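Colleague: Each chain is listed here by its residues.
2 protein chains.
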Amino acid sequence: MSTGPSGRKPNLAVVGATGAVGTVMLGILSERADVWGEIRLVASARSAGRKLIVRGEETEVVALEEEAFDGIDVAMFDVPDEVSARWAPIAAAKGVVVVDNSGAFRMDADVPLVVPEVNPHAVRVRPRGIIANPNCTTLSMIVAIGALHAEFGLSELIVSSYQAVSGAGKEGVDTLRSQLAAVAGTELGTAPGDVRRAVGDTGPFPAPMALNVVPFAGSLREDGWTSEELKVRNESRKILGLPELPVTATCVRVPVITTHSLTVHARFEKEVTVGRAHDILRSAPGVVLCDNPAEGEFPTPADAVGTDPTWVGRVRRSMDDARALELFVCGDNLRKGAALNTAQIAEVVAAELTSS
Amino acid sequence: MSTGPSGRKPNLAVVGATGAVGTVMLGILSERADVWGEIRLVASARSAGRKLIVRGEETEVVALEEEAFDGIDVAMFDVPDEVSARWAPIAAAKGVVVVDNSGAFRMDADVPLVVPEVNPHAVRVRPRGIIANPNCTTLSMIVAIGALHAEFGLSELIVSSYQAVSGAGKEGVDTLRSQLAAVAGTELGTAPGDVRRAVGDTGPFPAPMALNVVPFAGSLREDGWTSEELKVRNESRKILGLPELPVTATCVRVPVITTHSLTVHARFEKEVTVGRAHDILRSAPGVVLCDNPAEGEFPTPADAVGTDPTWVGRVRRSMDDARALELFVCGDNLRKGAALNTAQIAEVVAAELTSS
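Protein chains in written order, with the working numbering: chain W, 1 to 356; chain Z, 1 to 356.
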């Protein structure tokens, strides 16, 4: 193993180690090639002192304060936007390279937004010392889209999402689970409002999730669009380096625990064929092609959950446009959609630090 | 009340009266203005002799045989394709006007495909004596699309569906209900295949429906498209009278009991505004506009189920194309999607018969 900036492996801080994404992150850090020296677990003062397992070792959580970054080379942040907005610059000022999974910096022109399979080179240009990790919905499709773009030249994206409740955190998961317990064994779902009355509290969602789909995720922005829909648009453009790309998203929450799915209508500059698209997707890093519907093979979130790749199936060429492809895509929103991509970015930085 | 062909109200046969759609039909016939003389209930020999309530009266089911159509003016068929294919021509040969809800005749050039809010005039040209009722997925959106088309001139449709399990009949509903019982109260949905192992039998679906979405409905056709996706394309073109309209559908089943939802990207010949689209949808027969997300108002299947209209919300103008609108649409697949539209077509025929 090559050595770090001062003859050692770089030291890593995981900020938000006790949260939903942080928990997945500790598992991922234990599974992947061990490029890190110290791994320091950081969380709110409330969680300080808790002991968590990473790389098989019990590690005590320390409180988020300036000293938590002493001796650290790279810090991953999996915390709310306002916590990142405050603390990422503090860590960066101490020379730490921050990989941030919040929405605080993603559209900052001086912060690269990185998906290592698509734009790994962007990691190197980080004037603020901060690298942003995309939103989970964007990440659930962009690896597959990026591979097709590299070959055919993307000219338009129209997507609809089928988003899991864990995108709204542990509270989202708990809400769906308790609503499912309320509707299981009943005849509900056949009269207007019967599910709404039975489930009571809708938790972090604006409508019941059990036996329902909810065409609203995030917060309301201009002209009727949601924050989630604008993230898919703006982040896809930034990651692909296509600032004028037409991108239209409609984001819908579905009663799935984890793994986002999307239908994708992708239009390209060149003509496409299903055969060539299959070849590209089959050989693309981070993508699994699962497309033989005659044998019942297509991705579903129940099969993709807990895995790393972007699963792609139902590949069809538009019957009206030889330049357009239809896809169905699934990606685990907590793994590639959050923790895994953050870990991958941090590893690119680690390789840079150890080779410099 | 005006009188029928021979000085009486026309007589109606309901073929398939004991099935899922037939059951909804009996309720609808009891609720709507009573334009019918006799209502005769017809089903397989196995169900003959059963007594069902329609218009508050107990009525005995008779077996499907040629004599079942004696004295009948209009017959609604809610039976499998092969039963319609055999029996609709027999009824028509006896002078009965058949309104058929199967897929057997929808694309027959000599059979009109009718949505009374969109193309009621098509009822009158029925050389085979048969009128077809569209597929439930097409019907869940086409009333709203038709209203917008009348104003703006439709030039392209790209839709993704969120289809309820009752589209696969009672077996579909029973399958989801038993799967929900298997996953409620568990921590399933977080590891690959854990839901698949827990639910066991997938019933009429090619993958688990609980805690999942399944990007496959119907049967596999050419070039990777499903029968359901081709129905949305071909039926939309026929109903709207736009045989060359580009239509792309991706059909996905979701864990909802009843009511199909769709995201719609609709491109028009004229420029659109959200305000004008709102006006059109607000005044369109059979449509309810539900579009004030700032107040949590958008349609969901749990709220639309059991109601007659097509619910429309999340109306946005494309940020890249002043001629395109995005919509989220919900429609009860057993009511407007099947029984209600059939009843409405039959009423148009009844009015024609009584005025002729």
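No wet-lab data here; the hints were simulated from the structure. This structure is a prediction, so every number in the text was calculated from the model and none was measured. There could be a bad hint or two in this list.
Stated by the list, open to error - Capping the alpha-carbon separation at 20 Å, the derived lysine to aspartate or glutamate pairs in EDC-like fashion look like this: (1) Z:94 <-> Z:117; (2) Z:170 <-> W:187; (3) W:94 <-> W:67; (4) W:170 <-> Z:187; (5) Z:170 <-> Z:201; (6) Z:270 <-> Z:321.
Said to hold, decoys possible - Away from chain Z, derived, C-beta distances all over 12 Å, residues of chain W: (7) 81; (8) 293; (9) 296.
As the list claims (entries may be wrong) - One side of the interface only, derived from the structure: several residues of chain W facing chain Z at Cβ under 8 Å: (10) 18; (11) 119; (12) 185.
Glycine included, C-beta positions come from ideal geometry on N, C-alpha and C.
Colleague: Let me make sure I understand: some of the numbered hints might not hold for this structure. Which ones are they, in numerical order?
Modeller: 1, 8, 9, 10 and 11
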